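Participant: Here are the chains, one letter per residue:
Number of protein chains: 2
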Amino acid sequence: MSYLILSVLISFSASAQKDYKLWLQYNAIVNSSIALEYKNNLKGIVVLGNSETIKIAKKELETGFLEMLGNVPEIKTALKGEYNLIAGSQSNLDTELKNSLQSDFQKLNEEGFIIKSIAVKNKKQLIITGKNDIAVLYGVFNFLRIMQTNKTIKNLNIADSPKTNIRILNHWDNLDRTIERGYAGFSLWNWQKLPDFIDQRYIDYARANASVGINGTVLTNVNANALILTPQYLEKVEALANVFRPYGIKVYLTARFSAPIEIGNLKTADPKDSEVIKWWKNKASEIYKRIPDFGGFLVKANSEGQPGPQNYGRDHVDGANMLADAVAPFGGVIMWRAFVYSEHDANDRAKQAYAEFEPYDGKFKENVIVQVKNGAIDFQPREPFHPLFGAMPKTPLMIEFQITQEYLGFSTHLVFLPKLFQEVLESDTYKKGKGSTVAKVIDGTLHGNKITGIAGVANIGNDLNWTGHPFAQANWYGFGRLAWNPYLDSETIAEEWLKCTFSNDENFIKPVKNMMIESREAVVNYMTPLGLHHIMDTGHHYGPGPWVSNLSRPEWNPTYYHKADKNGIGFDRSESGTNAILQYAPEVKAFFGNLETCPEKDLLWFHHVSWDYKLKNGETLWNGMALKYQEGVNQVKEMQQVWKNAEKYIDSERFKEVEMLLEIQYKEAKWWRDACLLYFQQFSGKDLPAGVEKPAQALDYFKSLKFPFAPGNG
Amino acid sequence: MSYLILSVLISFSASAQKDYKLWLQYNAIVNSSIALEYKNNLKGIVVLGNSETIKIAKKELETGFLEMLGNVPEIKTALKGEYNLIAGSQSNLDTELKNSLQSDFQKLNEEGFIIKSIAVKNKKQLIITGKNDIAVLYGVFNFLRIMQTNKTIKNLNIADSPKTNIRILNHWDNLDRTIERGYAGFSLWNWQKLPDFIDQRYIDYARANASVGINGTVLTNVNANALILTPQYLEKVEALANVFRPYGIKVYLTARFSAPIEIGNLKTADPKDSEVIKWWKNKASEIYKRIPDFGGFLVKANSEGQPGPQNYGRDHVDGANMLADAVAPFGGVIMWRAFVYSEHDANDRAKQAYAEFEPYDGKFKENVIVQVKNGAIDFQPREPFHPLFGAMPKTPLMIEFQITQEYLGFSTHLVFLPKLFQEVLESDTYKKGKGSTVAKVIDGTLHGNKITGIAGVANIGNDLNWTGHPFAQANWYGFGRLAWNPYLDSETIAEEWLKCTFSNDENFIKPVKNMMIESREAVVNYMTPLGLHHIMDTGHHYGPGPWVSNLSRPEWNPTYYHKADKNGIGFDRSESGTNAILQYAPEVKAFFGNLETCPEKDLLWFHHVSWDYKLKNGETLWNGMALKYQEGVNQVKEMQQVWKNAEKYIDSERFKEVEMLLEIQYKEAKWWRDACLLYFQQFSGKDLPAGVEKPAQALDYFKSLKFPFAPGNG
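Order-wise, the sequence lines are chains A and B. Start counting at 1 in the first sequence, then tack on 3, and there's your number in the numbering used here. Start counting at 1 in the second sequence, then tack on 3, and there's your number in the numbering used here.
Don't take each hint at face value.
Restraint ranges, calculated between C-beta atoms of paired labels, are given here [claimed, not checked]: (1) B:Met663 - A:Leu708: 58 to 68 Å; (2) A:Leu708 - B:Lys281: 55 to 65 Å; (3) B:Ser552 - A:Ala701: 58 to 68 Å; (4) B:Leu702 - A:Glu113: 46 to 56 Å; (5) B:Asn53 - A:Tyr652: 26 to 36 Å; (6) B:Lys651 - A:Val75: 40 to 50 Å; (7) A:Asn112 - B:Gln644: 25 to 35 Å; (8) A:Leu708 - B:Glu662: 15 to 25 Å; (9) A:Ala701 - B:Lys281: 23 to 33 Å; (10) B:Leu554 - A:Asp568: 33 to 43 Å.
Each computed BS3-like pair below joins lysine-lysine, with the alpha-carbon atoms no more than 27 Å apart [unchecked claim]: (11) A:Lys21 - B:Lys62; (12) B:Lys292 - A:Lys670; (13) B:Lys58 - A:Lys659; (14) A:Lys62 - B:Lys21; (15) B:Lys21 - A:Lys21; (16) A:Lys706 - B:Lys270; (17) B:Lys651 - A:Lys58; (18) A:Lys651 - B:Lys61; (19) B:Lys21 - A:Lys58; (20) A:Lys659 - B:Lys61; (21) B:Lys647 - A:Lys62; (22) B:Lys21 - A:Lys61; (23) A:Lys647 - B:Lys62; (24) A:Lys709 - B:Lys61; (25) A:Lys709 - B:Lys270; (26) B:Lys292 - A:Lys21; (27) A:Lys284 - B:Lys709; (28) A:Lys62 - B:Lys58; (29) A:Lys270 - B:Lys706; (30) A:Lys292 - B:Lys670; (31) A:Lys61 - B:Lys651; (32) A:Lys62 - B:Lys659.
Simulated from the structure, these hints should not be mistaken for lab results. None of the values given here were measured: they were computed from a predicted structure. Cβ atoms here follow ideal geometry from the backbone N, Cα and C, with glycine treated the same way.
Okay, chain A solo, but in the shape it has when bound (with noise of 0.2 Å):
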């Protein structure tokens, strides 16, 4: 058999994996100057230590040379001749070693790792190493990154740890399997088949996440179910951590705060009930006997129906530190969302989280850590940034961003996400003097929190390529890299992922990866441009409906949020409305109140302009918005067009996926586009400025869609 022929037959039978594989294809390095340097630089391995980690870092490595050189350099018991690639955690290396390294080992936390190119006795070696295994398989994951990216590793000195804590996804996963807000399948959970049958995807879930320094999940939807702190399920519970522990995944449940009533025959879930003070006690005790590293509880409390502390005249800080004081012994921790918000409270929305924990600020036990979505609606193309951040100086706050694109177009649309969240990392909070970053009060060095974290809600199912949309895999990779270093480039992570998912050529990456970047300001153009929001259509969030107005809470009809008229739109947060800009600091509050200062792209969110105003560009209002609905198609025909320039680079399956899935994008952008700019228009009474495409059908037509089946309907 020629090797030409062999490698067909890799290809035939690799095909329909790729998908699959997502960022750790581990591609066959076709540059010959990069594979001889890893070559003649790797000539032997010694792994260190005999864990279940180790083995998963000895494993990994074999695979990754394997695959991307053609073979696997000797691996060694001991440490002899040179050119070795050493692995193993800080106590399992000799002493020697150990005191060569120790001021790197001091630049570490715990999770931290050092990749190094050092002389032990005069012979050049590699050493992958940290604290603990866990930060060695760390180290190895991002060395074989570096050979993925085909990076010189001559000369290498990294010593990274993650700037987190609690880097972990929230999978809103029920119990029969269906995903609220999942568009890529179904739950991975099979809880009809745990304890006992291991599904592969367990384990190359954990691997990904691994890979990225992913470190825990939560398993079960926010909107709870409490059988699964039952016997019955905590046995499937413990399964799954068994599977994740070596990877450094430590698993999370969701918490129903009416657990004690549901499944514990008590009368009450008041927190400052004896019993059910008791009933957790007990029942965290009884999980960590099971699951000894078990994280803690996840818990959405008084907020769209889930039961909480405040159905017994108590707050969330009474409920939080219930159930903190019953995981602390165990060394667990209450994520605390603060995403609440009330039908009986006339006022704006945006305000309402701010209003009700800022007050909490120093209040909750040490182990709670209050989890703030990004922004104070909900997860839109584009939102301010939440103004509770830096607002709580005394309380760990983590950041909630969505992976999920439920108001982004489901699985279907490409859109680059970490350029989202950058954006809102890199949002300053003025809170401590200019420089107060989303990112300094996340990572905990605004306010020297002890705790810290960044949560993911995750966009994986059971669909073969585990997200859906191709590109919505980079949304795990770069939600994972920025929850490491949350001041990571969004440009960095697409180029990074793209590399190790399809291929190193610049021809590729260049245009793909400006492809990325422009995708998410694309979707917010024939989306919700200049600060418009919430104008989905109703429950599943699929496509436009500014025309929604029946639903029974009103902050739940998009007329709520775009406040269209004859005068014009948008709605009033400055001064002269509901002053929600009053909750930020006044630096923000000024730059954002002042329509001179308001950025454009916000706008809307905080002004209710006339159809008249002038935009900086000189058009009118209207017209620039028009305009921008129009621009954003014309940004989603250009990633078609850098699409198909890119067939040449890579496997025809997912080149057929990406674009059949671009072509939907591209008819959605115009469906946005045209059923918005009509049903504006009823109000504005303006003709489509030049340059924007008539729409092709009638407004009833559009508000005549209805998606029965949607999928992720909570």
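Keeping the supplied structure of chain A fixed, place chain B upon it in accordance with the hints.
Facilitator: Chain B alone, transformed into the frame defined by chain A:
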């Protein structure tokens, strides 16, 4: 790179893929003399024709050769030299070749194929042909199976035609992608992304079906939703039909009888109403405009709450014929289900379908085929054949098997169903004297029916391995093979499947084949020995529930079926009981009705017998039953041992999957044994005989088990 390393590389990248590839693994042929024979006899490929189907056949040959032999014979555009494989339909053959095969073609029906070693101008060639391109594709898949099973290809002379016209999967898939009685994940049909996104799964599904000759698929649940008939969904159905067409697969839909009301704005769905008649005619016309080869409708009417003609005082004939008229102009068929029983009918449920349908014989239009479940109750581990078979000579009857394991341990238990299917197909109805087997009813030879068919309720979902259990793939495969030829032996099917899926090593094949064959009797033994039936737990039908007696409809309760009391156990369907045996031919009636001749495997289906009744082996019924339960458990234990010995022959991933599942099956076999024996012991009042293990828990424990989120609960 050495050969050794490359083969490791291949196994690395392909391992997670094996599960997905079903029986189309095309494993490299390790028997070198066979490989040499293939190479020597196949030096070129000549593919005739240009249709999509022929392109698929060509690609399949290329893939098969490449993977099995490591290279592809030269692809030639014209016949040159000897030892070529020629693949093309009759009309694409040159005149000389066509004439030389005339007598072979005469043996074929439209879908049959020829695989024949021939000489053309004294040169040896191998030809695969048939009357059209689909037949050629079937021939190609059959030829590749010959290679996969390492059979000689010298002097081949095969002419094989399917014995039934409609070889069809019934997907009980809902529009929200849940699957009624689905245990392998969720529906393959991603309605949200259709029609514009064609999931690779659709193509691989069609390919797998074509490879075993399945030529139809009903996309939607028999408990139907009318929305599938709206343009919004028909556009999506059309897209699937376009994918499936070149694979010879027709699309069918379920027709909700009340659709004219629900989506047609009519006030009635009365099949005699002229507006209703017109509505269905227009609907058929609309569908056929999109899908010219649309297969027709499958209808569940007036059954388990579904609407039907009886809602308007009409009967099944009125309903079926009205729909038949609507699709007749386009060549469509109506598959009308005979699965009916009424809560208002105090008769033995087993008698009701026959009682209702037998009088309709000869009254249906000629494009109606009545679909009858294999037994008179509902897809039990064992049922005597349905008395309708042979009883409606003037009406085409198709058999409905359940491939998904609703009553057989979901996708957790290894049960090789072709053994069950074969038992039914071989059953002799005696309706036209000895030898009037169910197979002969089904393939039309007994009564000379024009339309014939076999339906299987699919066990397919979006699990990585399609069917949940690796061995459940064999049930999909085996169903297809039996639909093609209802006279095939299940051992032959098991052997073929094992070779195509795992290995040709006889040391693997022999014990594992025996394990498969035994597996069906094992499940009967540990669930429902000696003719017991329908004693599964409520609703989900998972696990034992012989004690359930509180359901609203009497015939939904297990106690209705086993009728255990102090005197004995069993449903008396003999002359002294419901006399259900009267629905069979006199020979069969006599056979089942007499305790002397009634096979013990059907004993409690037909007779209520005392606990002290003496079985043929001399044991009392109670002891015999207990020993049967124990035997089932022992058989699973043996299956585990067989599987352990198989480890060295196959990949570790699938080995482990099956190993874990067998462990669960063993646990659950014991659960069945203990729960049933403890329950029945209350009536028998007798001790367990020697050799039967003592139950590990008390009866109350087993009764307390609840499965609120069991999958597939319709």
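Participant: Now look at each hint and say whether the structure bears it out.
Facilitator: A quick look at each hint next to the structure:
One distance hint, 58 to 68 Å for the beta-carbon pair B:Met663 and A:Leu708, is violated here, with the actual separation near 45 Å. A C-beta distance of roughly 27 Å is found between A:Leu708 and B:Lys281, which places it outside the suggested range of 55 to 65 Å. As the Cβ distance of B:Ser552 to A:Ala701 is approximately 60 Å, the hint placing it in 58 to 68 Å holds. Look at B:Leu702 against A:Glu113: about 51 Å separates their beta carbons, and that is inside 46 to 56 Å.
The hint said 26 to 36 Å for the Cβ distance between B:Asn53 and A:Tyr652, and at roughly 30 Å that hint holds. A beta carbon spacing of about 23 Å between B:Lys651 and A:Val75 contradicts the range 40 to 50 Å that was offered as a hint. Between A:Asn112 and B:Gln644, the C-beta spacing of about 50 Å breaks the proposed range 25 to 35 Å. At roughly 50 Å, the beta carbons of A:Leu708 and B:Glu662 sit outside the given window of 15 to 25 Å.
Between A:Ala701 and B:Lys281, the C-beta spacing of about 29 Å keeps the proposed range 23 to 33 Å intact. One distance hint, 33 to 43 Å for the beta-carbon pair B:Leu554 and A:Asp568, is violated here, with the actual separation near 58 Å. Between A:Lys21 and B:Lys62 the alpha-carbon distance is near 20 Å, which keeps this suggested pair within the 27 Å criterion. Pair hint B:Lys292 plus A:Lys670 holds up; C-alpha atoms about 24 Å apart against a cutoff of 27 Å.
Distance hint between B:Lys58 and A:Lys659 is fulfilled; the C-alpha atoms sit about 19 Å from each other, no more than 27 Å. Taking the CA atoms of A:Lys62 and B:Lys21, the gap is about 20 Å. The hint holds against a cut of 27 Å. Distance check on the hinted pair: B:Lys21 and A:Lys21 sit about 14 Å apart at the alpha-carbon level, within 27 Å; holds. Of the supplied pair hints, the one linking A:Lys706 and B:Lys270 holds, its CA atoms being roughly 26 Å apart against a limit of 27 Å.
For a cut-off of 27 Å, the pair hint linking B:Lys651 to A:Lys58 stands: about 22 Å separates their Cα positions. Distance hint between A:Lys651 and B:Lys61 is fulfilled; the C-alpha atoms sit about 24 Å from each other, no more than 27 Å. Between B:Lys21 and A:Lys58, the direct Cα distance comes to roughly 24 Å. Compliance with the 27 Å bound is thereby established for this hinted pair. As the CA atoms of A:Lys659 and B:Lys61 are separated by approximately 21 Å, the hinted pair is consistent with the 27 Å bound.
Taking the CA atoms of B:Lys647 and A:Lys62, the gap is about 25 Å. The hint holds against a cut of 27 Å. At most 27 Å may separate the alpha-carbon atoms for a hinted pair to count; B:Lys21 and A:Lys61 meet this at roughly 24 Å. Restraint check: the Cα-Cα separation between A:Lys647 and B:Lys62 comes to about 25 Å, which is no more than 27 Å; the hinted pair holds. Of the pairs offered as hints, the one joining A:Lys709 and B:Lys61 is violated, with about 43 Å between alpha carbons and a cut-off of 27 Å exceeded.
For the suggested pair A:Lys709 and B:Lys270, the alpha carbons sit about 23 Å apart, so the restraint of at most 27 Å is met. Restraint check: the Cα-Cα separation between B:Lys292 and A:Lys21 comes to about 38 Å, which exceeds 27 Å; the hinted pair is violated. Simply put, A:Lys284 and B:Lys709 have alpha-carbon atoms about 26 Å apart, close enough for the 27 Å limit, and the pair holds. Among the hinted pairs, A:Lys62 with B:Lys58 is inconsistent with the structure: their alpha-carbon atoms are about 41 Å apart, more than 27 Å.
Only pairs whose Cα atoms come within 27 Å are accepted, and A:Lys270 paired with B:Lys706 is accepted, the gap being roughly 26 Å. Taken as a hint, the A:Lys292 and B:Lys670 pair is honoured in the structure, with Cα atoms around 24 Å apart against an allowance of 27 Å. Distance restraint check for A:Lys61 and B:Lys651: the Cα-Cα separation of roughly 24 Å lies within the 27 Å cut-off, and the hinted pair is therefore satisfied. A hinted pair counts as satisfied when its Cα atoms are at most 27 Å apart, and A:Lys62 with B:Lys659 qualifies at roughly 18 Å.
Violated hints, in rising order: 1, 2, 6, 7, 8, 10, 24, 26 and 28; the structure is consistent with all others.
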